[in-house]
Structures are given as structure tokens and as C-alpha cells.
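J.: Each chain, letter by letter, is given below.
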Amino acid sequence: MKKIAIVAMLLTTLCIGLYAEGTKEAVAFPSKPIRVIVYAAAGGQLDITARKFAEIAAKYTPATFVVENKPGAGGLVGWEYVLSQPEDGYTLMAVTKTLIANHVKDEFDVDPMSLNWTAFLINDAETIITNANSKIRTIADIVADAKARPGQQIWVAPPGVDEVVTYKFWDRNGISGKYVPYDAGGQAMAAVIGQQAQVYVGNPVDVRGKPDLMMAAISAEKRFTQFPDVPTFKELGIKGLDAESFWRGFALKKGTPASIIAWYDELFTRITADPEWRQFNEKDGMEVVHYKSEKFNAIVADEVKDFKTYFKK
Amino acid sequence: METVSYMLEGFGNILAVAPLLAIAAGVFMGILVGAMPGLSPSMGVALLLPFTFRLDPLVGLVMLTAVYLASNYGGSITAVTINTPGTPSAVATAFDGYPLTQQGKAGIGLGHSLVSSVVGGMVGIIILILFARPLAKVAVKMHPAEYFALALFGLTTVASLGGKNWAKAFVAALIGLLINTVGIDPISSVKRFTFGVTNIFDGFDIIPALIGLFALSEVFTKLEARETKGIDVGDAETRKDTWPTLKEYWSHRRVTLQSSVFGTLIGIFPGAGSAIASFLAYDLAKRTSKHPDTFGKGNPEGVCASEAANSASVGGAMVPLLTLGIPGSAATAVLVGALMIHDLVPGPMLFTSNPGLVYGLFASMLVANIFMLFVGGLGGKLWLKVIKISPAVLMPMIIAVAFIGSFAVKNSLFDVAACFVFGVGGWALKRKGYPMAPIVLGMVLGKLAEVNFRRAVIMGGYSVFFTRPASLALLLISVAAFALPFWQAGREKKKAVKGE
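Those sequence lines, one after another, are chains A and B.
Mapping to the numbering used here: the first sequence position 266 is 266, numbers consecutive.
Here the numbering used here = 1-based position in the second sequence + 1000.
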């Protein structure tokens, strides 16, 4: 009797499964939880941003977002994982500009356009940070010091995006220095506070709550209202450094149906307008924007070229 | 005087139902996280982080800090009972903790690990409260050359850890250093020994390696020996002679205090870590002991040294976080996230803008240590039961936990396979008498040494190691520390020859 009951149960389950399979096309997106792949470890900035996104998204859609960390190989582990999944919109990848830098620098074996760069959401301006108590504080100080002792000035920053800003700054100002990579930004900032290094390259969030550090210049079209004393590169007459940003956003696998992309576009539009989302990001000096696929894909293609000129020298 | 009134305010802030419950929950979770191989303190804090989003900032923060504190103790439980350190910083605890268990004195090991953890934790926090600012000023003056010298100093402990077996310990440390060379070069991004395998671009993760080398290799060894009986724990369960008496705890006060202060100081330097603190404190205890030959054979002082140091490093790691806004360890990096979520910015301004929060946090850490004493004390009987379980039952459970733990690090099956390979490798090396701990030491310190050596050279050339007084002093101490055991052994040999 028992065996028959089990067989009957199995058959029923199987039928339900087949039924679900058969009606898949008819069901509106999304009909199951969406996984958000974070290529960094839990507890970091990207992870927290992705979790905040999942929390705010719940206000606007009944869909469930589940954040999953797939760290490793500078993001390639997460990237390859997303590519191994079907292009059905149920695997969303949290992305940052670091991914592009690592792609070029570490020669990732995937096409940068294997992802559809769906939404560019946060623009985090790059800034040059110095020790507020030292002799080298402003951009003029940095340039004068670097010219007085060519190749001796020490710049510290995490490798990748901030590293390239370093090289660009040197190029534009005709100076040179020593770039020392630090994978943990905190230790690099400690080196500037301790005056073993002169300059750190980072973002406005890095100087928050650290009176020993100051921003010497920021990459933006015009001054930030939060930081009225920080000049832009443009004002200082340094060209070509107006759009250096550490962006964050989301991507889907290439080939995801247009209808699903449209669903995400609408969701991201709503989230971008959400006051809680704006406050969460703007308090740290980040700009909340929403560039859709077309513009985002173009930005990524440009950046791949840009990184190549600096890493392949 | 100001500090006293602020501390009183801090205690006032946490002596309420919600913060106390949060501390208790944090301590409980922390002990479990620490004891579970695969969950490191930083992962424990990160896992609980989302739960604090909706909590009051102080309540959330005290819970996470309690997890961080207690997980450093939790790692010692499995180190003592089943020779499987739950965290890299508990590796040195197993040196004497497990031999105690094998001698039927698990209670002694567990008792000392708990009490020295609590004392270490307390000392670390008291130093944090009293001297945070001046210590932070010293911490930022540390040049990469000094970090390299510190890592090298850590590696010299191999010479004394190995004892008579020093040649094999040396080879084991070299294996650890060689494993470290796998992965993308941290300075120049060259791919080293990666063979196009994406999963090893970052090298081998320390956690699966730790679990494989200790837990799995032990399982394989037991399997080979066909051991089926649990270890006799004597009458420890009834808390008679086999738990340390107050007098015994007191008799180890010198080692415990010395290691606590030492652990706090190491903890202050961003990136140095609690594992190096416990190894160095263990080594120091052994060298300053009147009976160094009893270390590694079940000397409770070994347990005290390692545990006091790794718990004390928690207070140390909070120094740069609170005074400079710079995280000193992986777990404090997650605490930065926890603060930012609540729009609080870690750094010196926090003392003036939110003194209630900062001193509440200090008070909570003291309370968490006291809770830990009770939870750990009550749990003691439970841990002893684990030892009594027949290996036929315990070993498959260890294998399951080892695989789950390795998977949990990065949600990656590759790490499970890596754990298995490390287990087989560890078992093979153990059969030939090679110790496991130096491999872990090599892996932990190798990266610290390599990265900082190269940073120092970029910054100041090769001469920087000798022109900076602190670096030169540390290097000379390292050479002396390395040479001393051999010199002593040589002298004893001569004496023995003369005696004949």
C-alpha cells in the first residue's frame, strides 16, 4: 500500500512539474525569485548596495530578489557564473567599473559584451586625496613636489580604476611618481595619514569622518554642493579628467529578451526616483543616475579601449 | 576623568533589554561561528549584517561586535576537542589543547582557553579605551618594510615550533609559502601557476586549506588506524579534578597577561591579523617559559598564550577603526559597512558626534566578555560530549561539516574539491611526520611578507629595510629568534658530550 502511495505521489509531482514547464511561456515575468549575483564578498560596499536595491525593489514589485555572493578572480567567477545561466532575466549581476579594469588588466577570457550592461545607476566621482596636515595638500603642491623630485612622489590606491586615474593625472600634468598598489583602501589611506605616501586616489566617501585627509580635486563637471571647497579638475585647468567615475549598476546576460529588459528599465526608473535609494547613495557623495542599455554599453566599450591604452603600455 | 563619565554613560546606554539581548545573541552566534570550521569571524559578522539594517544603530553594532569577539574564542573549542581549529587564529591553540584532550584532560584545555580568551578580550578593550589615540598614531607610522619584518618575525616561530622536528617544520612552512605563489601576482598582475583555471586566480583560500589540512587529514588518519572508540574524558563532565581550579588559572597569569598585551598591539596594525598575534604570543610564551620542552605536549600555558592573544587582537583592531576610520581586520571592514548603513561614519569624529554610541560599544564589549564566560562555561559540558562520540559517528559528521564549510566561503564547489585535496595532501604529509601548522603559517604570512616586501622596495628601494630603525630592529630580532633554538641545541649537545 505504502509503495503505491509513494509512486502516486511521485507521479503527481511529475505532472505538476510538466504542467509548470508547459505553461512557462504564458506566465508573465517574473514568475520565480530573481538572483542578484554579487562578485565581491558579503559585507562590502557592492554587497550592501545590492542588498539595499533588493530591499527597495520590494516596494515596487512583488518579485523576490535574492542576493548571492560569488566572489573570486576579480569578478570573473561571478561573470562566468552569470554566463552559465540561461538568458531569461532571472540572473541579474551587480557590476562596477572595477570589473572592466580587471577584465583588461587580468585578461579575462570572456567578451566584455557578453553581458548586456542594463542599468548604470550610481556615479561615484574619483578624487585625489591628500594628507590635510602635510606640506603637500593641494594639486599645485602635488605638481610642484613631483617636479622637484621626479619619479619619487608616492601614490597609493587599489589597483584598477584608481590606478588608471593616477596614470592619467601624471600624463596630463607632465609629472611622474611611484604607484604602489594596495588591495585594501583602508591600509593605503593609513599610509597617507602616516605620511609614507603623499597621494591617495579614491572617492568622496573615503574622506568622510577622517579629518586627517582632504580632497585636493574632484572629477566632475562642476563643484559638488556637499563639498563646496573641493575644486574640479576642469577649474584647475587639467583637461580630460572630468568624467572619471567609479560607477555601479546592473547587467544581464546578452540575449535577454527585450520585454524583460523593458521590465527592468521600468523598475530601475522607479528605484532611481525613490527617496530612500537617493538618500542611501547621496549621503556618501555619490550621484544617483539611470543610464539605460544603449548608453551604458557604449560607456563600457569606450572604457575597455581606455584601459587598454594604460595597461598595455 | 572624562573617560570615566563617558564610560558610565556608555554602560547606561547598554543596560537595557534590547542591547543586552543583542549582546547575548551575538555571543552565542559568535561562539557557533567560530567553532564551525569554514565560518571565519569576518564571515560571521557579514552574515549577520543584513539583520542589523532595521535595528537601532547601537543595538546592531553591539551585536556584530559581540559576534566578532566571541568567534575568536569559538575557534578554540574545536581546536582543543577535535584538533580542528575553527579559525586560522586558533591553530596555535591546538598545539597544546589537543594533546591535553588526548591525555584525558580536555577540561583543562577548554577551561584555560575560555578564561584566557575572556582575560585577553578584556585587556584588549581596556587598552582600546585608555590608549586608542596615541596607539593609532604609532600604527599609521608603520611602513611596508616593517610589515615585511613583522611577517618574517612570524615565520621565524617555525624554528621553535618544530622542536626536534625542525627540519620537517621548515619544509612544511616552505610548502605553505609555495602554495601562496599560486594566483595573480598582487603587484604586477602576472598570472602565476593558474593554468587558466579561473578559481585559482586569487590563489587558494585559507579556510578550505585549513579545514582540509586539519579536519580531513585527521579523519583520514583515524580511518587508517581504524579507531572506533571516543577519547576518554575522565570525569570532566562532572567537573571534578579535570577542570582547572581558580588557583591554576591564577598560576598562568603571567603568560595570559603578556599574551593579551602582545595580542592587542599586533591587532592595532591594519592587516596584520589575529593569526600572527596568536602564533607570536605562543612562541613568546614558549621562549620565556622555564620549561619550553613541555610546550606542544599539553602545556596549558600554550593554550592561554594563543587564546589570550587572538581575543585581545579584537580590541586592538578596533583602534584604527574608531580613531582613524580605517579597518584593521577583515571583520572590522564589515563593521565599517554596518556603521555606514546607519549613516554613521567611523573615525575620530564619532567620539564627538556620537559619544554615547562609542562608549556604549566599549561597555558592550566588556559585557560581551562576561557573557562569553557564562555561555562558554555552560557549553563546556556539551563540547566534552563531542569528544566522547565514537569516531565512526563523528568522522562522517566532520567530513560533512568540512565540505559545507568550504562551500560556504565563496559558494563554490571548487573550494570543496580544494579542501579534499588539502585533506589528502595533509594526511600523506602527516604520515611522514610533517606538522600541519607551519603550512598554515606559511600561507597566512606569505602574502603579508611578499606584498609588503615589494611595496617597500617600490617606495624606498632595497636599502629601506636597513635604514628604518624599526624595520632593522625587527629583522635583527627575527635573525636572533631564528638562530637561538639552534644555538641552544648545539650547546646542549656539547654539554652532553662533555658529560659523557
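Source of the hints: derived by calculation from the structure; they are not laboratory data.
Quick reminder that beta carbons are idealized off the backbone N, C-alpha and C, glycines included.
Misleading hints may appear alongside valid ones.
Per the computed footprint, the stretches of chain B lying under chain A, defined by three or more beta-carbons under 8 Å from a beta-carbon of chain A, are [what the hints assert, rightly or not]:
1) 1066-1074
2) 1152-1159
3) 1186-1197
4) 1208-1221
5) 1290-1299
6) 1347-1355
7) 1362-1376
Straight-line Cα separation of at most 20 Å, SDA-like style, residue types lysine to any residue; simulated pairs [unchecked claim]:
8) B:Lys1493 - B:Ile1187
9) B:Lys1141 - A:Asp212
10) B:Lys1168 - B:Leu1484
11) A:Lys178 - B:Arg1454
12) B:Lys1141 - A:Pro275
13) A:Lys178 - A:Phe224
14) A:Lys312 - B:Lys1432
15) B:Lys1137 - A:Ser114
16) B:Lys1141 - A:Met214
17) B:Lys1447 - A:Ala184
18) B:Lys1432 - B:Glu1224
19) A:Lys308 - B:Arg1454
20) A:Lys283 - B:Ser1390
21) A:Lys305 - B:Ser1189
22) A:Lys312 - B:Arg1192
23) A:Lys52 - B:Leu1047
24) A:Lys312 - B:Pro1292
25) A:Lys59 - A:Leu236
26) A:Lys178 - B:Met1459
27) A:Lys52 - B:Asp1185
What the simulated footprint calls covered on chain A by chain B, stretch by stretch (three residues with Cβ under 8 Å from a Cβ of chain B suffice, anywhere in the stretch; the number is not a length) [what the hints assert, rightly or not]:
28) 109-117
29) 182-194
J.: Decide, hint by hint, whether the structure agrees.
T.: Hint check results:
no.: 1; hint: 1066-1074; result: violated (count 0)
no.: 2; hint: 1152-1159; result: violated (count 0)
no.: 3; hint: 1186-1197; result: holds (count 5)
no.: 4; hint: 1208-1221; result: violated (count 0)
no.: 5; hint: 1290-1299; result: violated (count 0)
no.: 6; hint: 1347-1355; result: holds (count 4)
no.: 7; hint: 1362-1376; result: violated (count 0)
no.: 8; hint: B:Lys1493 - B:Ile1187; result: violated (46 Å)
no.: 9; hint: B:Lys1141 - A:Asp212; result: holds (14 Å)
no.: 10; hint: B:Lys1168 - B:Leu1484; result: holds (18 Å)
no.: 11; hint: A:Lys178 - B:Arg1454; result: holds (12 Å)
no.: 12; hint: B:Lys1141 - A:Pro275; result: violated (42 Å)
no.: 13; hint: A:Lys178 - A:Phe224; result: violated (30 Å)
no.: 14; hint: A:Lys312 - B:Lys1432; result: violated (47 Å)
no.: 15; hint: B:Lys1137 - A:Ser114; result: violated (48 Å)
no.: 16; hint: B:Lys1141 - A:Met214; result: holds (19 Å)
no.: 17; hint: B:Lys1447 - A:Ala184; result: holds (13 Å)
no.: 18; hint: B:Lys1432 - B:Glu1224; result: holds (14 Å)
no.: 19; hint: A:Lys308 - B:Arg1454; result: violated (25 Å)
no.: 20; hint: A:Lys283 - B:Ser1390; result: violated (57 Å)
no.: 21; hint: A:Lys305 - B:Ser1189; result: holds (19 Å)
no.: 22; hint: A:Lys312 - B:Arg1192; result: holds (19 Å)
no.: 23; hint: A:Lys52 - B:Leu1047; result: holds (15 Å)
no.: 24; hint: A:Lys312 - B:Pro1292; result: violated (55 Å)
no.: 25; hint: A:Lys59 - A:Leu236; result: violated (44 Å)
no.: 26; hint: A:Lys178 - B:Met1459; result: holds (7 Å)
no.: 27; hint: A:Lys52 - B:Asp1185; result: violated (33 Å)
no.: 28; hint: 109-117; result: violated (count 1)
no.: 29; hint: 182-194; result: holds (count 10)
Checked against the numbered hints listed earlier, the structure breaks hints 1, 2, 4, 5, 7, 8, 12, 13, 14, 15, 19, 20, 24, 25, 27, 28; every other hint is satisfied.
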